[in-house]
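Colleague: Given chain R's structure and the hints, the job is docking chain C onto it.
In order, the protein sequence lines correspond to chains R and C.
Letter by letter, the first sequence follows residues 418 to 493 of my numbering.
Letter by letter, the second sequence follows residues 418 to 493 of my numbering.
Any given hint could turn out to be false.
Identical chains blur together in the list; that is why a pair holds if it fits in one copy or across any two.
[Claimed, not checked] No more than 27 Å apart at the CA atoms, straight line, and that leaves these computed lysine-lysine pairs for DSSO-like: (1) 427 - 457; (2) 457 - 478; (3) 478 - 419.
Since the hints were made in silico from the structure, they are not lab data.
Just so it is clear, the structure is predicted and the values come from calculations on it, not from any experiment.
Protein chains: 2
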Amino acid sequence: MKARVYVMLKNGVLDPQGEAVRHALGSLGFDGVEGVRQGKVIELDLTEGTTEATIEQMCEKLLANTVIESYRIEVL
Amino acid sequence: MKARVYVMLKNGVLDPQGEAVRHALGSLGFDGVEGVRQGKVIELDLTEGTTEATIEQMCEKLLANTVIESYRIEVL
Chain R
418 MKARVYVMLK NGVLDPQGEA VRHALGSLGF DGVEGVRQGK VIELDLTEGT TEATIEQMCE
478 KLLANTVIES YRIEVL
Chain C
418 MKARVYVMLK NGVLDPQGEA VRHALGSLGF DGVEGVRQGK VIELDLTEGT TEATIEQMCE
478 KLLANTVIES YRIEVL
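Isolated chain R (complex conformation) (with noise of 0.2 Å):
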């Protein structure tokens, strides 16, 4: 089986690496682009019967920073 876990920055967090985005595609010319957060997508490839119970764990306990961050999993 097949999970995305999806990873963000909490709202309110300093997102420096979207700031950089959002400031490289002013420069190229595109306009309107109010703001912009980036965050991580970890596809996780799991044996059959791994419980969603599980993924939260690994979510807690590897993939988020749960003080700054937000996850959302996502069984495929």
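Modeller: Structure of chain C alone, referenced to chain R:
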């Protein structure tokens, strides 16, 4: 309007970051993780009326390195 761009390394391109995550999950006692690929999510806050073609141009020119990465656009 909001749009999300998902950028992943193409199949066959070595993903050391994903490999590191796979190892780390193993060390933490999570069995059954067969593979991990890591990519980026970019959330764009755009002025109304920005076309998907424009977002595609952003991907081609800046957000993805199309030699080794593929991207997927999701307009919200």
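Colleague: Which hint numbers doesn't this structure obey?
Modeller: none
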